[in-house]
Amino acid sequence: MTRYSLDLSFEDFKKSLSPDDLLTTVPGLYFSPRSGRVLIVEPESASWLVVPPKEFGYLVERGLLAPGSGARSSLRLADLEPGLDPDFKAELDRWLYRLFVGNMLAINGYAYHQPSRLWAVQKYPHYFNIHLTESCNLACRYCRVGDSPGRFALMPVETCKKVIRRVVEEIPGTKIIIGFHGGEPLLNPEAIVEGSKYAREVARSAGKEVTLSLQTNGVLLRKHSQLLKELNIEVGVSIDGPAAIHNRHRVFGSGRGSFDEVMDGIQAARQAGLNPGYLAVIHDPGDYLPVARFMVETLGATSFRLNFSCYEGRAKSKLDFDPTRAAAFARNWLQLLDFVLEHHRQTGVWLSIDDLNLFVAHLLTKDRPHMCYRSPCGAGNAILGFGADGKIYLCEELVGKDQFCLGDIETAPPLHRLLDESLVHARASESRRVENVAACAGCPWRRFHGAGCLNKSFEYFGDLEHRDPMCHFYRVVFEELMWKLADNPEIINLISYYKKYIRVQNEWPVGI
Amino acid sequence: MKIFARNQTLPLRPEPFVFRLEWKPGAEWAGSALEEIIAEAHFIQLEAVQPLDEEVVDLLRKLDDRPEKFSLRLLSRAEDFGAETIKKFIGPLSRLKKLDAVIFVISSRSDEPAQAEVSSLLSAAASAGLKPGILVELEPGASVSGLEQLIKNLRLSGAMEIALRPTSAANPHPNFGKNLANCLSHLKSEGIPVSLGECFPGLEPGLSALEPNCRRAFGSCYLDSQGLVRACRQSREILGDLSRQKLAEIWPGYLFAEDLCSRAALTVQSLKLEENEAVEANGMAEVENLSPTSLDSSLRPVPLFILKDKKWGAALIKGLDGLVLSPKGEKLARMIDGKNTLRSIRKKFGPRSAGLIYALFLRGLVRLEK
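Protein chains in written order, with our numbering: chain D, 1 to 512; chain Y, 1 to 370.
Extracted from the complex, chain Y is given alone in its bound form (with noise of 0.2 Å):
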């Protein structure tokens, strides 16, 4: 398989669709840069790191009523901010349509009390029609079966989607990787799936299984209240000031950088299809390894993902996943409707074709249909 990198033809690191921001009350972001990121976004996310007041209900609105497509989320700490205060905004936060979740952040080491203030946030959060969800901050120091239990006891409670994230960058515990896998995995034979929010730094080997949801800086992107711009809410590295530069300044300068996210080095996830090699689909080795000999050629591909134009290409999105596209695997991706079969698409594009359909259909980002 080749490395993509070599031809330098598309970006390893898109321009980013996932805006993770951070806020506060005069969030730098909140000014001009706001409308590059509308322009950009498949998803923003905000995180509060102050209690809910009317102003950032105000913003979500704002946002809300904007006319581009984009999700918003809803992230903010149930135990310093008070349930009560939260649940004052859960009548208008349900009114938002843009609203795909409202993630309350906890403690592993929550009190009883504390937890169920939050079941209760989660029961009014879901009754008003809002997709509640938990993120569940590890400390270090936290039992792995006390977590199991909490994490149960917020799926009962009504939590639609649980991730977790450490609380600093720091290992917290060498050995906690494997024990936290094993409980991982218990959750998910239980029924109860648990994401990773963010990177667990050193634990990898342990939860390598897991891609976690900051999508490792492709096409994601986290903006502090000060404006200042990293590939992620763990990385030391600054990008950029939106005090100084504009977003679409700062990004082109990374979109060829392997060091964006230093743990992310291979995760290559392009897709490019051109006149002799027809298929390049780095990072999918299920691609080589099941050719899909014995797919009906009758079999239309039905798109589950969302196109966005660049430059160079297209990127394909879907929630906060996403791929890059070549101007000719676009082209193929259009072809991608419901009605073109894999006989038509192999006829246009050529027969290793259907091999990135099949890639598109592993990752998800299709469903094929008789």
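Chain D extracted, bound-state conformation (with noise of 0.2 Å):
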């Protein structure tokens, strides 16, 4: 056993002490004080930990910690222990190995996580997002499509079978993920029955296991649920709430709002028998709590996800974007947490809300499950994003954008040779990691948000080289979860799905 080992015990980290170790301290952590403890956040390996404020004091004082200095400080370990309390000494061995692992202290030079060996991405995208037309039968306040004087056209049935050929034949990997879109998708349901049929051919021929998936607006479900229940696709539904939330912003183009259609096709999908996935989209964080209860209590949803709006395509001219709103949202969102901890006390069912439970599992491994919020984001390597038209993007977000184009499916070289050899691909991976925006490189919370997403930005600031224009959200949700999850362990049991895809560190990061 080395102290390189990812599955250093205590046990086996105790034994590895020696008097002559040298200890080093770590500068550029992050240090925050709340009721006398100090959470302490060590970026680079977004490790962290909350210390009481004894203990704290103790390791400052015997120079184990150095707040606010910008240096290293070092000292043998048999230099530690003359002169220490007794209380102290007792646990010393345990505070060295929290903050070893947390390599908030270097040993030797060591530090236990290896930063350039962690935050790595998958080279090629498993999840193929195929916009089957961008025209829709609402006009959503907030939708990334902007006002259009024509109807869009409808991707062509062939146009949809060669993109998914093409991804399944030239992306290397065994598990990939289709997903209808748009516009709204089911607008075009020649391409989506047809396409379906042709992926599972095509999958089966290579070897491969392909999930087909769809996300509609609800208006056409009752129409088509039973055709959508016999290809076996996973449905998504676009919901924000209750009538009075849901009718502000998702409209038809009268200006109706929608509820009433968009439950009927809830209705009718569940009586094909679908499960539907619900998402709603935040525009007044007061709304988060009202749009939560109603998906557990009116949908009898679990687990759905609820998104805020973005300043991009309508939402530019159709609604305010004040500067300021990420702490209001990031408060209201908080109160998911309660919602979620109550709901458990009285069910004994652990609900699931995208991104809470994504965030909770940021904190507790060095995975990145999930193709956001991680460096760079997913945008290429996690994604790619298909027109109607059947040009390739690079994210499903960037449809529609020159600057993100990588190509054409009639045109372009095997997908795999063309993301090796995009420079678009290969400047906008570049552009996203943390090291290179300015305000991500110094952000404490750079490793478990990532440097945001590229399309936010990219509408937000007019390029590539900005923050994610809610930053602040994810910087204060990030730290109240480490709070929250100090003071009550069982918030671990959010992660949820993520659990398989994570490996959960050694040591639990609460010196409490």
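The set of hints was computed from the structure by calculation and includes no laboratory data. Backbone N, C-alpha and C fix where the C-beta goes; we use that ideal spot for every residue, glycine too. Treat the hints loosely; a few may be bogus.
What the hints assert, rightly or not - With a Cα cut of at most 20 Å, we get these calculated SDA-like pairs of lysine to any residue:
id	chain 1	residue 1	chain 2	residue 2
1	Y	Lys152	D	Glu480
2	Y	Lys152	D	Glu430
3	D	Lys484	D	Glu342
4	D	Lys484	D	Arg331
5	D	Lys484	Y	Leu156
6	D	Lys456	D	Asp320
7	Y	Lys152	D	Leu39
8	Y	Lys370	Y	Arg346
9	Y	Lys87	D	Lys484
10	D	Lys175	D	Arg141
11	Y	Lys311	Y	Arg334
12	Y	Lys98	D	Glu430
Unchecked claim - Label pairs and their in silico Cβ distance ranges:
id	chain 1	residue 1	chain 2	residue 2	range
13	D	Leu75	Y	Glu55	49 to 55 Å
14	Y	His186	D	Phe88	15 to 21 Å
15	Y	Pro113	D	Glu61	36 to 42 Å
16	Y	Ala114	D	Ser18	53 to 59 Å
Reconstruct the complex from the two isolated chains, following the hints.
This is the structure in structure tokens:
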């Protein structure tokens, strides 16, 4: 057993200590005091620790922590013990261990986690999002597609099949997800039917496992639910909560709200035996709790996603975006945690709310199982987007934006080669590394959140050099989740389905 | 340990890479000198001594659009200029990609309403994605306990960095140094690090452990709005006048001068690697006391610095910190790339080069990886 093992146990660590060991402090730690306790974050390895007041005072006094210092200080282990408070002495090895596995203390120059070996991202995408049309039967006020004078074309069936064949045959990997998106994908049912059948056929020939999904506004679900069930497609429905909230922004072209039609579609989907997932877009931060309640109490959902609205497309002209709105979003979003805990107390069921579950997972592991919230983000390495015209984009959110177009499905070289050689891909990946975004490079939360969403940054600031426009939201919620997890370890249960994708680190990161 | 100045091959004071600029409309340095500043700068700190207005925001936008890599910091007085005026500019400021931090200057005598205003400013700035900080100006007669509470409140309100500076160069209280040092030490032990924005003249003994952010004129200078160049804001000695001289003409005369900063005579921060003596690390006694013999030679140093080429070698810079390197030291620094091991560096530069790497490690300028 060496100190490099990521399974280093406390007992093995203790055995490995020698009086000659050189203990060196680590600069660049973030300290946040609260009611006497101090949260310590080591940004580069995304490690954290909550330390009680007395112990924190000892660690500073004995030179094992040096708040505010940009330099390191060293001392030998043998020099640490004389004069040590007896209470603290008994716990010294445990604290050394916690600091060491949290990369907050180096021993003989070694750090436990090697930052350059952390945060590797996959090379080729596994999720392919196909926009079957940009047309829509709704005119939601925050839609990423801007107002257009005419209708958008539907993706021809042959184009859809070509996209499917090429991603299955040309992108390395054994498990793929094909998502039908838009616009409203149910406006192009022929492509869904033919594309789905073809996807299963080519995947079988290639020896790959394919999952099909579709995201709809729900208005046409009554008409197509049976078909979707027969095609074995996972269905996600966008619904923004109770009628009063949903009808504020999810409207038809006439301005009339779509709540009744969407609920009817959901009912039809259930009758057909589908088990839809739900997604709500939150524009007013005060809506988080009522929307969550609606999802659970009215729809009976135990798993759903709440996204905040973004400054893009139609939203730019239809909605207000206060530059200081992030704090209110964070404050209200955090109430979801109490809601989930209360729900568990009453029912014994843990709700899975994205991204609450993912963010808790990020506190417990160095794995980053989702394509977003990492450095660089998943654009081009976890996801590809395809426009209705067959153009290939780095991400679904970037469909239609020429700056992020990699080519055309008709003329592109083999897709793995396209990704390997594309300058658009290389530039975007490089730009969105936390070390290359000035505001992220020194941020304590950079490895929890990554450099944010490429698309949202591009839409808000007009380039790829800026941070995520809502970065304060992430700073606040990650810190608050740390404090809450320190006080209530059962929150670990929220990681839900991410559990199978991550490896929870060996030492519970809370020092109390 | 040799005193580096004897050989005179490296400057004791490198050309500035941190520029502290006093801003008011029509500032002399905002003309042709600005190009020189941009070419050399790693950090440009603008201190607005008048209320924020469109003009300063425009200047920041222009600097932000420049292709050169440097960071910006903005200092603005919260109390005198009104929080509402500043709040108006938080949106535009939050769109600047080079703006590292917005620092609100506040007096240690601030009353509760003023503190509440600053708290709301900190929250608004943070919420817009800015990194807000506080610079507390210590007034004569300020109570240490009041200061401690003020700092705690401001940290809780979201100040991501907190610094202190005196209102003037005069020593406000002979015994303040020890009390202040105790106060800062106490805050540190509660997880609230406070730095010194500038020197506290006459208070050195109690605060000697804290290196002021001014870096004692090492790679740093202060330009007032009239274009007068000083080593720091407190310095009375005028090094040059930008209305009559170029910056490039002013600094060379001071490269080897010890009197740029009277309190910095022995804080030489140069690293030199020569054929025979291998390593000299002045100001880094730790290197001799703690020989890095226990370091595994397969460790790979990873740079946390940037190198700026100079005619005498290179400046090695991280944030406000910096070191001066000889041409050979520069070659060694360039081998620090996260791929070369201590073994390969030692092979090329001799056995004592590991000592230099270790000095950089202690200085927080490299990390070591397996």
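Hint check:
1. Y:Lys152 to D:Glu480: holds, 19 Å
2. Y:Lys152 to D:Glu430: violated, 39 Å
3. D:Lys484 to D:Glu342: holds, 14 Å
4. D:Lys484 to D:Arg331: holds, 14 Å
5. D:Lys484 to Y:Leu156: Answer holds: lysine 484 of chain D to leucine 156 of chain Y is near 17 Å, not above 20 Å.
6. D:Lys456 to D:Asp320: holds, 15 Å
7. Y:Lys152 to D:Leu39: Holds, at roughly 15 Å.
8. Y:Lys370 to Y:Arg346: holds, 16 Å
9. Y:Lys87 to D:Lys484: Since the Cα atoms of lysine 87 of chain Y and lysine 484 of chain D sit roughly 31 Å apart, the hinted pair is violated (cutoff 20 Å).
10. D:Lys175 to D:Arg141: Cα-Cα ~35 Å, so violated.
11. Y:Lys311 to Y:Arg334: holds, 16 Å
12. Y:Lys98 to D:Glu430: It holds: about 18 Å lies between the C-alpha atoms, which stays within 20 Å.
13. D:Leu75 to Y:Glu55: 49 to 55 Å: holds, 51 Å
14. Y:His186 to D:Phe88: 15 to 21 Å: holds, 18 Å
15. Y:Pro113 to D:Glu61: 36 to 42 Å: With Cβ atoms ~37 Å apart, the hint holds.
16. Y:Ala114 to D:Ser18: 53 to 59 Å: holds, 54 Å
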